[in-house]
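The sequence shown begins at 1 in the working numbering and counts up by one.
Misleading hints may appear alongside valid ones.
[Unchecked claim] Below are the BS3-like pairs computed for lysine-lysine, each with C-alpha atoms no more than 27 Å apart in a straight line:
hint : residue 1 : residue 2
1    : K40       : K58
2    : K153      : K16
3    : K84       : K58
Hints in this document: simulated from the structure, not taken from any laboratory.
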Amino acid sequence: MLRHKDIWNAIDKLAKAKGYSASGLARRAGLDPTSFNKSKRVNPQGKPRWPTTESIAKVLEVTDLTLSDFVTFAGAGAGAGKAKRYPLVGLAKAGDGGYFDDSGFPTGTGWAEIDGPDVGDDGAYALEITGDSMAPVFRPGDIVIVSPSSQVKRGDRVIVKTTEDEVMAKELIRHTKREIELKSVNDDHPDPIFRVSEIRWMHRIVWASQ
1 MLRHKDIWNA
11 IDKLAKAKGY
21 SASGLARRAG
31 LDPTSFNKSK
41 RVNPQGKPRW
51 PTTESIAKVL
61 EVTDLTLSDF
71 VTFAGAGAGA
81 GKAKRYPLVG
91 LAKAGDGGYF
101 DDSGFPTGTG
111 WAEIDGPDVG
121 DDGAYALEIT
131 GDSMAPVFRP
141 GDIVIVSPSS
151 QVKRGDRVIV
161 KTTEDEVMAK
171 ELIRHTKREI
181 ELKSVNDDHP
191 DPIFRVSEIR
201 WMHRIVWASQ
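Put together the whole structure using the sequences plus the hints.
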């Protein structure tokens with residue numbers, strides 16, 4: 001069952017994953033910028049105040065997410081309330097051989113392990129962020145869980161491995177038959193564009209440590 005705090009935590013996590021503050025996400029969805037403020041989450045009598053289904057629907061529309069995605073942010077998706085052990089490797093080391101098979105599933109040796117929420121993908125794995133190209137959304141030392149089986153859509157945060165064995169965290173901006181355009185959240189870093197043939201695989205980030 002989704003609790004009051006689960007819903008608001010999901011909004012906060014979704015906003016962070018998309019590079020917004022809670023008020024920025026509300027504004028992007030065409031809502032009053034104060035709609036998701038902490039002060040709006042309880043009424044003057046101290047009773048819980050819930051976001052409307054309409055406001056959640058607008059947020060999902062502008063972020064190109066589904067209700068099941070929202071439930072995952074709330075921690076109530078497949079395996080809700082359960083912890084799972086994930087293979088973990090640093091992002092900088094992920095380009096080395098022996099960590100992934102040709103489809104990008106974790107394999108071989110050299111993985112550490114970490115506990116995280118069950119995201120409903122037996123092939124999911126964890127990476128530790130290095131570098132600041134995705135700051136402030138992801139900072140060095142943050143842990144992300146990556147799901148090879150999740151569909152990747154425009155606007156998603158992704159882990160990409162190139163044919164040069166470079167592994168990077170980026171945001172997917174555009175994916176055509178010929179090119180894949182990525183974005184670095186940090187403006188101090190370039191926004192790379194690759195030919196599709198230059199990408200080994202691209203997986204969606206489905207959870208990040210706070």
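Status of the hints after comparison with the structure:
Restraint check for K40 and K58: satisfied, since their Cα atoms lie roughly 18 Å apart, inside the 27 Å limit. For the suggested pair K153 and K16, the alpha carbons sit about 17 Å apart, so the restraint of at most 27 Å is met. For the given pair, K84 sits about 32 Å from K58 by alpha-carbon distance, which is inconsistent with the 27 Å threshold.
The structure does not agree with numbered hint 3 stated previously, though it agrees with all others.
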